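Peer 1: Single-letter residue listing:
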Amino acid sequence: MAEKVRKVELAISLVLRIGVVVSVVIIAAGLVLTFTHHADYLPLRGPVSYTTLTSTSTPFPHSFAALWHSIALGEGQGIILLGVLTLILTPVLRVAVGVLSFVYEKDAPMALVTLLVLALLVGSFFLAGA
Amino acid sequence: MTPSDFVASLALISVAAGVLGSLIGLGGGVVIVPVLTLLYHVDIRLAIGASIVSVIATSSGAASAYVRERMTNLRAGMFLELATVTGAVSGAYLTTVFPTRVLFVVFGLVLAYSSFTTFRRRHADDPLTESNDRIANYFELHGSYYDQAEQREVAYKVVRTKLGLALMYVAGLVSALLGIGSGALKVPAMDSAMRLPMKVSSATSNFMIGVTAAASASVYFIRGQIDPIIAAPVAIGVLLGAAIGARVLGRVASRTVRLVFVVVLVVISLEMLQKGILP
Chain A
1017 MAEKVRKVEL AISLVLRIGV VVSVVIIAAG LVLTFTHHAD YLPLRGPVSY TTLTSTSTPF
1077 PHSFAALWHS IALGEGQGII LLGVLTLILT PVLRVAVGVL SFVYEKDAPM ALVTLLVLAL
1137 LVGSFFLAGA
Chain B
1159 MTPSDFVASL ALISVAAGVL GSLIGLGGGV VIVPVLTLLY HVDIRLAIGA SIVSVIATSS
1219 GAASAYVRER MTNLRAGMFL ELATVTGAVS GAYLTTVFPT RVLFVVFGLV LAYSSFTTFR
1279 RRHADDPLTE SNDRIANYFE LHGSYYDQAE QREVAYKVVR TKLGLALMYV AGLVSALLGI
1339 GSGALKVPAM DSAMRLPMKV SSATSNFMIG VTAAASASVY FIRGQIDPII AAPVAIGVLL
1399 GAAIGARVLG RVASRTVRLV FVVVLVVISL EMLQKGILP
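If you read the protein sequences in the order shown, they are chains A and B.
With our numbering as the guide, the letters of the first sequence map in order to residues 1017 to 1146.
With our numbering as the guide, the letters of the second sequence map in order to residues 1159 to 1437.
For the record, the hints were derived by calculation from the structure and aren't laboratory data.
Keep in mind it's a predicted model, so treat the numbers as computed, not measured.
It is possible that some hints are incorrect.
Said to hold, decoys possible - 25 angstroms max Cα-Cα, derived SDA-like pairs, lysine to any residue:
| # | chain 1 | residue 1 | chain 2 | residue 2 |
| --- | --- | --- | --- | --- |
| 1 | A | LYS1023 | B | VAL1312 |
| 2 | B | LYS1433 | B | TYR1251 |
| 3 | B | LYS1315 | A | VAL1021 |
What the hints assert, rightly or not - Pairwise CB distance ranges (calculated):
| # | chain 1 | residue 1 | chain 2 | residue 2 | range |
| --- | --- | --- | --- | --- | --- |
| 4 | B | LEU1321 | A | ALA1081 | 41 to 47 angstroms |
| 5 | A | PRO1075 | B | VAL1255 | 53 to 59 angstroms |
| 6 | B | TYR1296 | A | PRO1075 | 49 to 55 angstroms |
| 7 | B | PHE1277 | A | TRP1084 | 47 to 53 angstroms |
| 8 | B | VAL1406 | A | THR1067 | 32 to 38 angstroms |
| 9 | A | PHE1051 | B | LEU1428 | 34 to 40 angstroms |
| 10 | B | GLN1306 | A | ALA1081 | 45 to 51 angstroms |
| 11 | B | LEU1321 | A | VAL1138 | 27 to 33 angstroms |
| 12 | A | LEU1030 | B | ARG1381 | 31 to 37 angstroms |
| 13 | B | ILE1402 | A | ALA1124 | 37 to 43 angstroms |
| 14 | B | ARG1292 | A | VAL1138 | 27 to 33 angstroms |
| 15 | A | THR1067 | B | GLU1298 | 50 to 56 angstroms |
| 16 | A | THR1072 | B | VAL1425 | 24 to 30 angstroms |
Beta carbons: idealized from backbone N, C-alpha and C, even for Gly.
Excised from the complex, chain A in its bound form:
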């Protein structure tokens, strides 16, 4: 029993660590790119206040189509959002690994519970209109 739990623990811990490291690297790269290669889509040069970037009228992608477009153009803010989405998906992936681990350990009740959680999470992404 204790040994079984230990394997699930290590698998989940590893998934979380990979997710965190990958998203930090992507976000940091996007941030650097935003400041070095902002071109004309963001007013960053000269004596500019940060509020132009943090108001409700600031343009940034908020649909998947716009996000892919922004990434294709190599825009820093699109890459930051890709990193943020990786971060958001990390707990979902962690639940998926939990399901697999419990199935592998032949722990049917827990496998069923985590599978339901995963279904709800995936459902929430589709319900959001994604």
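Chain B: place on chain A using the hints.
Peer 2: For chain B alone, kept in the frame of chain A given last:
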């Protein structure tokens, strides 16, 4: 303030938010939202979007260490996630049903009461050695952890799982409706109701809040509430802070964790009451 100063200063504040959040099982939204709205005059909608990112960063950043060190009760956490995610999903579609101001007053009072029950347990928090809770026994939710501060293995039994499930549902509902308060209800649900040790409650709440937030994060993204230039320093800062906080929790005494949690809970409850009562 130039954009680069904004990013640098917000990242530093986010480190502090990550340390605090990971230590007491909350998401750090309690720091991020007031800092963004009051200090940087950012719109509340964008501040809440940043807070969701902060919650997921706190959770994933600290949980890998907590899970590896067996501080998290993995089975109890994953079991209770069923209720909290259901609450979060249903909450996202009930936003128009309840008047927000009434909700703020109700949950302000609920949190004030939980801070009182959590504080009252500061002298009597010995773990249980027996449990006849059928759900907890069937799913084997009991556990043990090594307490670095006390330098001994602490075994504990879990009780009142049904009440815990109900409270977790409410916690998910609240976090979806109001954007805050997910961990603030989860910790008392595990500590006071289900009798998990304080540090385990905090680490397990930390483990769960990421999944609760992920269930509503996609909605925030589609609504355009996740501004990359705010989210980037918050995510990086909070992840760093959470990694630091995760090294601290094992070493500090349960009592300290409890007292810090109670203080923060009182602050959140006053913040909620103020939002509900003052226009």
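Peer 1: Hints first: check each against the structure and report whether it holds.
Peer 2: A quick look at each hint next to the structure:
no., hint, in the structure
1, LYS1023/A / VAL1312/B, "holds, 21 angstroms"
2, LYS1433/B / TYR1251/B, "holds, 22 angstroms"
3, LYS1315/B / VAL1021/A, "holds, 16 angstroms"
4, LEU1321/B / ALA1081/A: 41 to 47 angstroms, "holds, 45 angstroms"
5, PRO1075/A / VAL1255/B: 53 to 59 angstroms, "violated, 32 angstroms"
6, TYR1296/B / PRO1075/A: 49 to 55 angstroms, "holds, 53 angstroms"
7, PHE1277/B / TRP1084/A: 47 to 53 angstroms, "holds, 50 angstroms"
8, VAL1406/B / THR1067/A: 32 to 38 angstroms, "holds, 35 angstroms"
9, PHE1051/A / LEU1428/B: 34 to 40 angstroms, "holds, 38 angstroms"
10, GLN1306/B / ALA1081/A: 45 to 51 angstroms, "holds, 49 angstroms"
11, LEU1321/B / VAL1138/A: 27 to 33 angstroms, "holds, 29 angstroms"
12, LEU1030/A / ARG1381/B: 31 to 37 angstroms, "holds, 33 angstroms"
13, ILE1402/B / ALA1124/A: 37 to 43 angstroms, "holds, 39 angstroms"
14, ARG1292/B / VAL1138/A: 27 to 33 angstroms, "holds, 30 angstroms"
15, THR1067/A / GLU1298/B: 50 to 56 angstroms, "holds, 53 angstroms"
16, THR1072/A / VAL1425/B: 24 to 30 angstroms, "holds, 27 angstroms"
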